[in-house]
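Enquirer: Listed below, chain by chain, are the residues.
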Amino acid sequence: MSEATATTKVPAWDLPTRVFKWALVACVAVGWASDKLGGGSPDVHVMNGRIMLVLVMFRILWGFVGGSTARFSSFVASPGTSIAYGLALLKGREGHYLGHNPLGGWMVVALLLLCGAMGLTGLFNADTDRMIIEGPLVKMVSDATISLAHKLHHKIFDLLLIAIVLHVAAVVFHAVVKKERLVPAMVTGKKPAGPYVDAAKATPGAVGLALACLVAALAIVWLGIRAAGG
Amino acid sequence: MRVKSIVVGLVLASAAVAPAIAADAIEARQTILKAIGDATRPVAAMLKGETPFEMMRVKAALLAQAQGADALAVLYPDNSRTGKTEASPRIWAEKERFLALYAKLAADARAAEAAIVDEASFKAIFPKQLATCKACHDDYRVKK
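Line order of the protein sequences matches chains F and W.
Using our numbering, the first residue of the first sequence is number 1, and each one after it goes up by one.
Using our numbering, the first residue of the second sequence is number 1001, and each one after it goes up by one.
Note that these hints are calculated values from the structure, not bench results.
For clarity, every value in this text was computed on a predicted model and none was experimentally measured.
You may find that some hints are simply not true.
Only pairs whose alpha carbons sit at most 27 angstroms apart, straight line, appear in this in silico BS3-like list of lysine-lysine [as the list claims (entries may be wrong)]:
{"hint": "1", "chain 1": "W", "residue 1": "Lys1095", "chain 2": "F", "residue 2": "Lys151"}
{"hint": "2", "chain 1": "W", "residue 1": "Lys1123", "chain 2": "F", "residue 2": "Lys139"}
{"hint": "3", "chain 1": "W", "residue 1": "Lys1128", "chain 2": "F", "residue 2": "Lys139"}
{"hint": "4", "chain 1": "F", "residue 1": "Lys151", "chain 2": "W", "residue 2": "Lys1128"}
{"hint": "5", "chain 1": "F", "residue 1": "Lys190", "chain 2": "F", "residue 2": "Lys21"}
{"hint": "6", "chain 1": "W", "residue 1": "Lys1048", "chain 2": "F", "residue 2": "Lys151"}
{"hint": "7", "chain 1": "W", "residue 1": "Lys1095", "chain 2": "W", "residue 2": "Lys1128"}
{"hint": "8", "chain 1": "W", "residue 1": "Lys1123", "chain 2": "W", "residue 2": "Lys1104"}
{"hint": "9", "chain 1": "F", "residue 1": "Lys21", "chain 2": "F", "residue 2": "Lys179"}
{"hint": "10", "chain 1": "W", "residue 1": "Lys1104", "chain 2": "W", "residue 2": "Lys1128"}
{"hint": "11", "chain 1": "W", "residue 1": "Lys1123", "chain 2": "F", "residue 2": "Lys36"}
{"hint": "12", "chain 1": "W", "residue 1": "Lys1143", "chain 2": "W", "residue 2": "Lys1095"}
{"hint": "13", "chain 1": "W", "residue 1": "Lys1128", "chain 2": "W", "residue 2": "Lys1048"}
{"hint": "14", "chain 1": "W", "residue 1": "Lys1034", "chain 2": "F", "residue 2": "Lys151"}
{"hint": "15", "chain 1": "W", "residue 1": "Lys1084", "chain 2": "F", "residue 2": "Lys155"}
{"hint": "16", "chain 1": "F", "residue 1": "Lys36", "chain 2": "W", "residue 2": "Lys1048"}
{"hint": "17", "chain 1": "F", "residue 1": "Lys36", "chain 2": "W", "residue 2": "Lys1128"}
Throw the hints in and build the complete structure from the sequences for me.
Expert: As structure tokens, then:
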């Protein structure tokens, strides 16, 4: 421990990436709670869904222009690299990454796709009688499409739960077995300096650029839904 | 409005004659649930601001919910698990919790009948009824 506190820290995650990450966690939690417990206030669930789409859209944009460790080009690894990393991990000989490791990178992609799919199917979802809750685009599609969206919304949530369990299990594995504490790094943005495979330290993205991405994401989601008739 | 009340009344009366065979129970509960849905639908539209507030329709929906829920409580005999029904097998595994939801729907509807006096109280109170509908449908209704 005393060794760890003495270690110099290097930047790993920039502020916008961290704020996004925890906002997404909150959004998933509110999405679940507002469905399970908030049947009397469907507006909350519907608004939360829009926010989910904005967050995912923001992260996609940020994946191209954000800080070095937030960029897809820095963490989306080839299948070969990912398998090699997985095998090395089993033998306890894997390289250490400042940003997402190859398997973690794919988890980020999976979580973003699943969260995005939840938001998109929610736009067309409604309760069976279409009395209690309706997505903003329900009026534009057939009953069969609503039915399909309903099924997908629930199936994708199950997949999202599985992904979240795997994701949390991996973080716990890193903390307990590998003594790499990833949660504090995602809070403070810093990791202990070390011989990282990908980069020695991260270059943060500009906060102004992040705000521009957020405004763009808001515009894409709100205007997109309006253009689609919602 | 009066016609609707008579229809609901007839449905409830026919349901009161204990169904001897499973198909009767399934059909009876479907008819009552549909009556509740038909009475509630225009009120849900009011809640969303699609149609103007009408106290008469609100009261009719609450009456249908209260009387319907009472009648429905006896319409899930053990021999009515299978057939042309959206009723989930969980109903019979968790009968007490399931029936508690009907009891809640009925009790809340009667309380709401007194508590809803204007549009503001309607908008504050009525969503709780829909929440109970949803809670039950989420767990005990299987979409075919």
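Enquirer: Now tell me, hint by hint, if it's right for this structure.
Expert: Tested hints:
no. : hint                   : result
1   : W:Lys1095 to F:Lys151  : 26 angstroms, holds
2   : W:Lys1123 to F:Lys139  : 23 angstroms, holds
3   : W:Lys1128 to F:Lys139  : 24 angstroms, holds
4   : F:Lys151 to W:Lys1128  : 25 angstroms, holds
5   : F:Lys190 to F:Lys21    : 15 angstroms, holds
6   : W:Lys1048 to F:Lys151  : 24 angstroms, holds
7   : W:Lys1095 to W:Lys1128 : 22 angstroms, holds
8   : W:Lys1123 to W:Lys1104 : 19 angstroms, holds
9   : F:Lys21 to F:Lys179    : 22 angstroms, holds
10  : W:Lys1104 to W:Lys1128 : 10 angstroms, holds
11  : W:Lys1123 to F:Lys36   : 21 angstroms, holds
12  : W:Lys1143 to W:Lys1095 : 19 angstroms, holds
13  : W:Lys1128 to W:Lys1048 : 14 angstroms, holds
14  : W:Lys1034 to F:Lys151  : 23 angstroms, holds
15  : W:Lys1084 to F:Lys155  : 24 angstroms, holds
16  : F:Lys36 to W:Lys1048   : 21 angstroms, holds
17  : F:Lys36 to W:Lys1128   : 13 angstroms, holds
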